[in-house]
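*Asks:* Starting from the structure of chain U, add chain L where the hints point.
From first to last, the protein sequence lines are chains U and L. Its first residue numbered 42, the first sequence is counted upward by one per residue in my numbering. Its first residue numbered -12, the second sequence is counted upward by one per residue in my numbering.
I should point out that these hints are in silico values taken from the structure, not numbers from a laboratory. Glycine included, each C-beta is placed from N, C-alpha and C at the ideal position. It cannot be assumed that every hint is accurate.
Footprint (simulated), chain U over chain L, 3 or more residues, beta carbon under 8 Å [said to hold, decoys possible]:
no.: 1; stretch: 184 to 198
no.: 2; stretch: 203 to 212
no.: 3; stretch: 218 to 224
For lysine to any residue, the following SDA-like pairs were computed, each having C-alpha atoms within a straight-line distance of at most 20 Å [to be verified]:
no.: 4; chain 1: U; residue 1: Lys274; chain 2: U; residue 2: Glu244
no.: 5; chain 1: U; residue 1: Lys216; chain 2: L; residue 2: Gln213
no.: 6; chain 1: L; residue 1: Lys247; chain 2: L; residue 2: Ala263
no.: 7; chain 1: L; residue 1: Lys247; chain 2: L; residue 2: Phe155
no.: 8; chain 1: U; residue 1: Lys274; chain 2: U; residue 2: Glu294
no.: 9; chain 1: U; residue 1: Lys216; chain 2: L; residue 2: Glu212
no.: 10; chain 1: L; residue 1: Lys290; chain 2: L; residue 2: Gly311
no.: 11; chain 1: U; residue 1: Lys216; chain 2: L; residue 2: Asn211
no.: 12; chain 1: L; residue 1: Lys159; chain 2: L; residue 2: Ala184
no.: 13; chain 1: L; residue 1: Lys290; chain 2: L; residue 2: Thr309
no.: 14; chain 1: U; residue 1: Lys216; chain 2: L; residue 2: Val210
no.: 15; chain 1: L; residue 1: Lys247; chain 2: L; residue 2: Leu36
Label-pair restraints from in silico Cβ distances [stated by the list, open to error]:
no.: 16; chain 1: U; residue 1: Asn102; chain 2: L; residue 2: Ala133; range: 36 to 44 Å
no.: 17; chain 1: U; residue 1: Phe77; chain 2: L; residue 2: Ala133; range: 29 to 37 Å
no.: 18; chain 1: L; residue 1: Arg121; chain 2: U; residue 2: His267; range: 29 to 37 Å
no.: 19; chain 1: U; residue 1: Trp175; chain 2: L; residue 2: Pro102; range: 16 to 24 Å
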Amino acid sequence: MPTGSLMSALPAQVFAPREATSATPLLEAIGLGRRFRGLAAVDNVSIDVCVGEIHAVIGTNGAGKSTLINMLSGELAPSAGSVRFGGNDVTRWSQPRRARAGLGRSYQRTTIFAEFSVLENCRLTAQASEPGPWRIWERAANDTRAIAVAMRALAAAGLDGDAGRIASTLSHGAKRQLEIAMCLATAPRALLLDEPLAGMGAEETGRMLALLASLKETHAILLVEHDMDAVFKVADRITVMVNGQVIASDVPEQIRSDRAVREAYLGDGH
Amino acid sequence: MASDDGADDLRSDAAAGTRADVGALPDIGRREAGGWLVPAAAALAFAALPLVVSPYAQDLIVRIAIYAIFALSLELLVGATGLVSLGHAAFLGIGAYVTVLASGDSGASLALLVPLAMAAAAGYAIVVGALSLRTRGVYFIMVTLAFAQMAYFVVHDTKAGGGSDGIFLYAKPTLAIGAQTLLDLGQRLPFYYTVVAVLVLTYAFIALLLGSRFGHALAGIRVNEQRMRAAGFSTTPYKLAAFTIAGALAGLAGLLLAVKDGAVNPELLSWHESGAVLLMLIFGGIGSLRGAVLGAICFTLLKELFQSEALLGSLASHWQLTLGLTIIAFVAALPRGLIGIGARLRGVRAARAGAARST
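Pulled out of the complex, with its shape left as it was, chain U reads as follows:
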């Protein structure tokens, strides 16, 4: 089991609370804040994620999770704080520039290119970082490098058998897998995943969790998710947000027994 070997190899970095982490975080937000018309959607949030771990962010609707992920990906400019990625201050970088530097994301609503084939979806995202996009005499359909990258991403996501299908004809779960594969085809180092399990059945969820567990060996994964069972199963660290603020950030066992978290969010009986 690759996940098992990872756990034994990196126990300190992966499972210790943040204060004790010695590994350098790949992605780090420091004092991030965003106000919408005076209302603080995200207020002074600091969070980081290292290669080899899944850091889950949970919270009720309106807790600011999506705003946070949008500021990390560069879709939304923060009103306060900064974002560091791979040793650079990327706070002022546009989203495409962050993406080319290795910051990939998936969306809560499926955002595949429905009318293109599964392979074309991945080949398109794979060509984002290729040099010379203006070379119009080169056929995109013959781009062997992008096709190889796309096929690897599809294989990792378990979709290599469906490469020729039109994306709109995939099942919901397969579309979510494709979303991840499109992200992987851009060769990211960090993944920001916004509710990848939304609307999935039990079997599809199991497959997606196995995929995430295998991806974290080589990627830093920030996971926003509503499915609590899944989060506690795969997350190495959990940050709990309420009203735009972090009320707890710790390993799953500690979060489960945290009084403030139970009162604010998990509720009795969980």
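*Replies:* Same frame as chain U, now just chain L:
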């Protein structure tokens, strides 16, 4: 019987999902049935027509071919990139006016006029694009319209542009090496074949563009720009490049139109002209280069038909009404345009066959 149907369903489920099953969905690079054969055959037909038709008809074919170039340039924006511009005539008009103004009284060489007309149109396109591409949807339509009307009033209200009467092109362009004239656009047949050659080159260039990584990126932007940005594409430079190329090609069409008419007037830049070329695309079928050419052919022929007093008598003076109603009827019957007629017929036949089987 019931069990047979079940087996059919299973089989179609297993096979579903390839391009052929889903129907007329466009390939990302938009390969169409018959590949190069269909446009090549059409080009040969264009080339052969002067052998059999009258000079008057040749004149009409030249007009059609110029509007086909104009429509193809807009197709790069509307069909390929998803940018609906209602100000595309500005670039046609700028190309035409620059051609006439640069020709002066004694005429000028095509080696000067072609780059000049295309660069002038592309220059204005860069400015308009840089400002209008910040907006989306209906706002983009309005901003492009506003910039085109601005250009319209500049040529309409300035002395250099000749005011509402426009200006004449006194000497048609030529192409010469030393004293040897290679091409004189003042002669009917050389001009005819020049226009057809430019149409073929424009079509081939845009087809090449759409099959490249650049073209695929434009297709991605059309379908979901946000996803393209998340993948690492800086989408604004892509859109601006498409807008500029489309403007330059419209300027080239403008050059040919000025040479054909031997004069320019501000109506070339008016919103009627922008609306007409958009109608050609809708008529022919957005998302297809063949559709753009087909739309230009049918639109121009219908306009000619409805303007003909010999055929329609006094109704000819109301050609806007008859043309408009005809187009509405066509679009209602063929939402994917004339190019979608084959798929439409197949669908009707399949539905009939299905109905026949179930009864």
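*Asks:* Each hint should be assessed against the structure and marked as holding or not.
*Replies:* Here is how each hint holds up against the structure:
Check on the stretch 184 to 198 of chain L: 3 of its residues sit with their Cβ under 8 Å from a Cβ of chain U, so the three-residue criterion for coverage holds. Here's how the stretch 203 to 212 of chain L fares: 6 of its residues keep a CB closer than 8 Å to some CB of chain U, so the rule of at least three is met and the hint holds. Coverage of the stretch 218 to 224 of chain L by chain U holds in this model, with 5 residues showing a Cβ closer than 8 Å to a Cβ of that chain against a need of three. Distance restraint check for Lys274(U) and Glu244(U): the Cα-Cα separation of roughly 15 Å lies within the 20 Å cut-off, and the hinted pair is therefore satisfied.
Taken as a hint, the Lys216(U) and Gln213(L) pair is honoured in the structure, with Cα atoms around 17 Å apart against an allowance of 20 Å. Taking the CA atoms of Lys247(L) and Ala263(L), the gap is about 19 Å. The hint holds against a cut of 20 Å. For a cut-off of 20 Å, the pair hint linking Lys247(L) to Phe155(L) stands: about 11 Å separates their Cα positions. The straight-line distance between the Cα atoms of Lys274(U) and Glu294(U) is roughly 11 Å, inside the 20 Å bound, and the hint therefore holds.
With a C-alpha separation of about 18 Å, the suggested pairing of Lys216(U) with Glu212(L) holds against the 20 Å cut-off. Distance restraint check for Lys290(L) and Gly311(L): the Cα-Cα separation of roughly 10 Å lies within the 20 Å cut-off, and the hinted pair is therefore satisfied. For the suggested pair Lys216(U) and Asn211(L), the alpha carbons sit about 15 Å apart, so the restraint of at most 20 Å is met. Taking the CA atoms of Lys159(L) and Ala184(L), the gap is near 18 Å; set against the 20 Å cutoff, the hint holds.
With a C-alpha separation of about 9 Å, the suggested pairing of Lys290(L) with Thr309(L) holds against the 20 Å cut-off. A threshold of 20 Å between alpha carbons decides the hint, and for Lys216(U) with Val210(L) the separation of about 16 Å falls inside it, so the pair holds. Of the supplied pair hints, the one linking Lys247(L) and Leu36(L) holds, its CA atoms being roughly 18 Å apart against a limit of 20 Å. At about 41 Å, the CB distance of Asn102(U) to Ala133(L) agrees with the hint of 36 to 44 Å.
In this structure the hint that Phe77(U) and Ala133(L) lie 29 to 37 Å apart at CB holds, the actual value being about 31 Å. A hinted range of 29 to 37 Å for the beta carbons of Arg121(L) and His267(U) is consistent with their spacing of about 35 Å. The supplied range of 16 to 24 Å is met by Trp175(U) and Pro102(L), whose beta-carbon atoms lie about 19 Å from each other.
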